[in-house]
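Could you build all of it, start to finish, from the sequences and the hints given here?
Residue strings, one per chain:
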Amino acid sequence: MRCSSSSISYFATNVPYTVDRTHESWALVLVPLILMSSILIRMASRDLRRIIGPEKCMPYTVFQEKVEMSFLGHDGMRRDGRSAIDPRQVFMSVGIISQAKGSSYLEVGNTKVCCGVYGPKDIQRGSDFKMTCQVFCEVKMAPFSCIVRKNPQPDKRVKEMSRQIKEALESVIVLEKFPKSQIDVFITVIEDDGGALSACITAAGLALCQANIDVYDFIIGASV
Amino acid sequence: MTTKSGNGHITCVPGQRLCEATSNHIAGEGTYTFNKYIYSSLAGQVIVTTKGDLQVVKVTLGRQGTVMPEAGSVVTCRVLEVNPNQARVSILCVGPNKLHTPVLGTVRKLNVREHQVDLVEMYNCFRPDDIIIAIVLSLGDIRNYELSTAGPGYGVVTAYCEDGHPLVPTSWTTMRCKCRTEKRKVARVMPPKMSIV
Chain A
1 MRCSSSSISY FATNVPYTVD RTHESWALVL VPLILMSSIL IRMASRDLRR
51 IIGPEKCMPY TVFQEKVEMS FLGHDGMRRD GRSAIDPRQV FMSVGIISQA
101 KGSSYLEVGN TKVCCGVYGP KDIQRGSDFK MTCQVFCEVK MAPFSCIVRK
151 NPQPDKRVKE MSRQIKEALE SVIVLEKFPK SQIDVFITVI EDDGGALSAC
201 ITAAGLALCQ ANIDVYDFII GASV
Chain B
1 MTTKSGNGHI TCVPGQRLCE ATSNHIAGEG TYTFNKYIYS SLAGQVIVTT
51 KGDLQVVKVT LGRQGTVMPE AGSVVTCRVL EVNPNQARVS ILCVGPNKLH
101 TPVLGTVRKL NVREHQVDLV EMYNCFRPDD IIIAIVLSLG DIRNYELSTA
151 GPGYGVVTAY CEDGHPLVPT SWTTMRCKCR TEKRKVARVM PPKMSIV
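Heads up: the sequence lines are chains A and B, in that order. Here the working numbering is used: position 59 in the first sequence is 59, and no number is missing along the way. Here the working numbering is used: position 65 in the second sequence is 65, and no number is missing along the way.
If you're looking for bench data, these hints aren't it; they were derived computationally from the structure. Heads up, some of the hints might be wrong.
[To be verified] Cβ-to-Cβ under 10 Å is the rule here; a few derived chain B residues that face chain A:
| hint | residue |
| --- | --- |
| 1 | 13 |
| 2 | 18 |
| 3 | 28 |
| 4 | 31 |
| 5 | 32 |
| 6 | 35 |
| 7 | 39 |
| 8 | 42 |
| 9 | 63 |
| 10 | 70 |
| 11 | 72 |
| 12 | 102 |
| 13 | 103 |
| 14 | 143 |
| 15 | 145 |
| 16 | 150 |
Cβ atoms here follow ideal geometry from the backbone N, Cα and C, with glycine treated the same way.
This is the structure we're talking about:
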C-alpha cells in the first residue's frame, strides 16, 4: 500500500511497520490506527501555534569551536573595546504602548527591553482582600532573544527574574495609596546581550513614572 | 521657590527632595513627607498654591493623577445590571480623574435614597446603561465597592429611554423624552458658576 500523501509519510517516518501485499485488508485497518496513535503522541509534545522548522535542526553556533576568553584581554580592555569600568550606550523612550497606562523601551548596548504598566485596576479573582496594592510582574523572553532559540514557556531563570522585579517594585510603589487594586507590569526582552535583569528593572521604573503612579523614588537597575 | 509668577518652572523626578515640611508648607498631591522633608512622588512640575496662610506643594504634569475610589469620594458610574436588591455599576471616574480601567461597585436597595428605604423599587430608580453620580461608602468586598445615591446631589445624571432618546429630568423621580416619561432617581446637578458680564 503506497502512502500518496506526503504529510502522512512525514508522520509515519518513526513508526516501523511493513506492509505485505497479501494482507492488504488488515493493513487498511491497522495502518490508520498506528498513524493516529503516532499523530496523537506527536500532538502532545508539539507546539501547534508556531511554525517550527524541521525536527532535529540546530543552530550552527552549537558546532563551532568554543574559544576560552577572559573578561579582559591582553590590553586590559573588554571584548568590545570598552575598559572594565565603561558602561554601554543607553537609549530610552516612553509611551510606546498606547493601550498601557505607562510604557517604556530601553536599550543597553544590544540588550533591548520593552515594558508596559497597567493599573491600578480591580484585583484578579482568587486573591485576598488587602488594604495595599498588589504588584503582578511577568517577564517574557522572546524566542529570538538569545542565540539558541528559546522556548516561549518561562523557565526557572525567567520566573526568578519576575519574582525579583516584583519585590523591587513593591518596595518602590506607594502601595497604601491604592487599596484593593493591582498593578500589572509586563516586560518583554527583545534581545538579551547580557544585563537583562538590570535593564528590565530600569524599564519598569521608567514605565511607572510615565504611568503617573506614585513612587517613592525612581528605580534603576545596575549590575556591578 | 517663588509662588507669585514662578510657578511650574521646576521639573522634578520621583524621589527628588522639594522643600522642608514646615508649618507653612504642606505636602499636596504627588508628594510625600519623609524625615521632615517633602519629596516628590511623580515626574512633573512643582506647583505651589496658597490655601489660607498655608502653602500646598504639589507635583503635577497637567494630566490627571492616579486615584482609586476611597470612602467619601464622589464617583461617576455606569449602571450594568439592576436587581430587586441592588444595582451593579462600573465606576468610570473618581472626581475629575478618569480611571484607566473601570472597577465594579454596587448600590444596595437601602442606599438608594434617604426616605422610605424599604419601599424602593430598583427598576424605577436605575436602568442599565444610565450614568449616575454616587458617593463611596466603603471599600466593600473583594469584587465591589459600596456606593450610595442617598442625597439630592446623587443619582441618575444621563439616561436614555427604551427607544433610545435622551431623557431630561423633570422632577426628583421622573425624566422625560419626546415620546414618554420614565421613572428614575434623579440627581440635582448644580450648574457651573457662570460669571455675569
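Results of checking the hints against the structure:
no., hint, verdict
1, 13, "holds, 5 Å"
2, 18, "violated, 13 Å"
3, 28, "violated, 12 Å"
4, 31, "holds, 9 Å"
5, 32, "holds, 7 Å"
6, 35, "violated, 12 Å"
7, 39, "holds, 8 Å"
8, 42, "holds, 6 Å"
9, 63, "holds, 6 Å"
10, 70, "holds, 7 Å"
11, 72, "violated, 13 Å"
12, 102, "holds, 8 Å"
13, 103, "holds, 5 Å"
14, 143, "holds, 8 Å"
15, 145, "holds, 8 Å"
16, 150, "violated, 23 Å"
The structure shown violates the earlier hints numbered 2, 3, 6, 11 and 16.
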